[in-house]
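Just so we're aligned, residue 264 is where the sequence shown starts under the working numbering, counting upward by one.
In short, the hints are calculated from the structure, not lab data.
Hints may contain errors.
To be verified - Calculated pairs, BS3-like style, for lysine-lysine (alpha carbon to alpha carbon, straight line, at most 30 Å): (1) Lys-475 x Lys-443; (2) Lys-391 x Lys-475; (3) Lys-443 x Lys-389.
None of these values were measured; they are calculated from a predicted model.
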Amino acid sequence: MTQRINTFEIWRAFAVHLLTASGALWAFLSIIAAAEQRWVATFAWLGLALLVDGIDGPLARRIDITRVLPTWSGDLLDAVIDYVTYVIIPAFALYQADLIHPPLAFIAAALIVITSAIYYANLDMKSKDYYFIGFPVVWNMVIFTFFAVRPGSTFAFGFVLICCVATFLPIKFLHPVRVKRYRALNLTVFGIWSALGLAALFMAFQVPTWIKVGLLASGLYLFCIGGVLQWLGRLNHRPSPSSPPRGD
264 MTQRINTFEI WRAFAVHLLT ASGALWAFLS IIAAAEQRWV ATFAWLGLAL
314 LVDGIDGPLA RRIDITRVLP TWSGDLLDAV IDYVTYVIIP AFALYQADLI
364 HPPLAFIAAA LIVITSAIYY ANLDMKSKDY YFIGFPVVWN MVIFTFFAVR
414 PGSTFAFGFV LICCVATFLP IKFLHPVRVK RYRALNLTVF GIWSALGLAA
464 LFMAFQVPTW IKVGLLASGL YLFCIGGVLQ WLGRLNHRPS PSSPPRGD
């Protein structure tokens with residue numbers, strides 16, 4: 264028997280889609296700021312878009328939005344906005360700022376937008392336990408860290424290359440909200456990174472060493488923990504050389 268959907272459920276579900284769509288406005292404001300090289304405003308709007316991206320999914324799942332509005336794809340809407348906020352704007356900011364010297368800045372930005380576009384076409388980008396397979400093109404976090412830490416041009420370009428290659432490798436990367444294993448720790452580390460990032464914005468990226476160290480340490484944890492757990496899991500499941508062979 265088909266469950267009847269009332270008007271309140273429809274409007275509540277559509278409100279969640281509108282919340283997701285608001286990311287397009289924050290992206291537009293961020294592009295304007297980046298074109299004017301107002302980097303604090305650029306990443307403040309991207310941060311707001313990241314906040315929306317973090318809360319719209321749990322809201323959609325809680326109200327079973329696909330049942331209420333089956334002809335509206337929240338996943339497609341989310342992917343369109345994510346590509347702009349996670350990829351296009353950070354790549355543009357990297358190209359506009361003096362973080363990587365030309366012509367390498369253009370090459371880095373071009374690699375980011377191309378590899379990320381291919382990644383978004385991968386229907387198997389997530390594992391059953393909600394890890395991302397391959398670097399999940401979170402260039403907003405990577406380029407933000409570049410602005411705060413100010414690595415050398417060569418190091419920044421090299422790290423971009425590593426991430427672009429890792430996009431296509433069968434390595435697990437953490438989704439801090441949906442991965443259940445060590446979720447409390449993962450969310451704590453992500454909260455620390457977010458708090459330090461907010462402090463860096465308030466300081467207009469003129470940050471002391473301890474904030475740089477904190478951003479790097481928490482960022483490296485988020486970047487590496489999925490692959491580390493994957494590697495440890497394979498070691499634990501590897502048969503011992505001294506073990507006798509199993510019989511049929």
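Now the hints, each set against the structure:
1. At roughly 28 Å between alpha-carbon atoms, Lys-475 and Lys-443 fall within 30 Å of each other, so this suggested pair holds.
2. Distance restraint check for Lys-391 and Lys-475: the Cα-Cα separation of roughly 34 Å exceeds the 30 Å cut-off, and the hinted pair is therefore not satisfied.
3. In summary, the hint linking Lys-443 to Lys-389 is supported, as the alpha carbons are separated by about 14 Å, within the 30 Å threshold.
In summary, the one numbered hint that this structure violates is 2.
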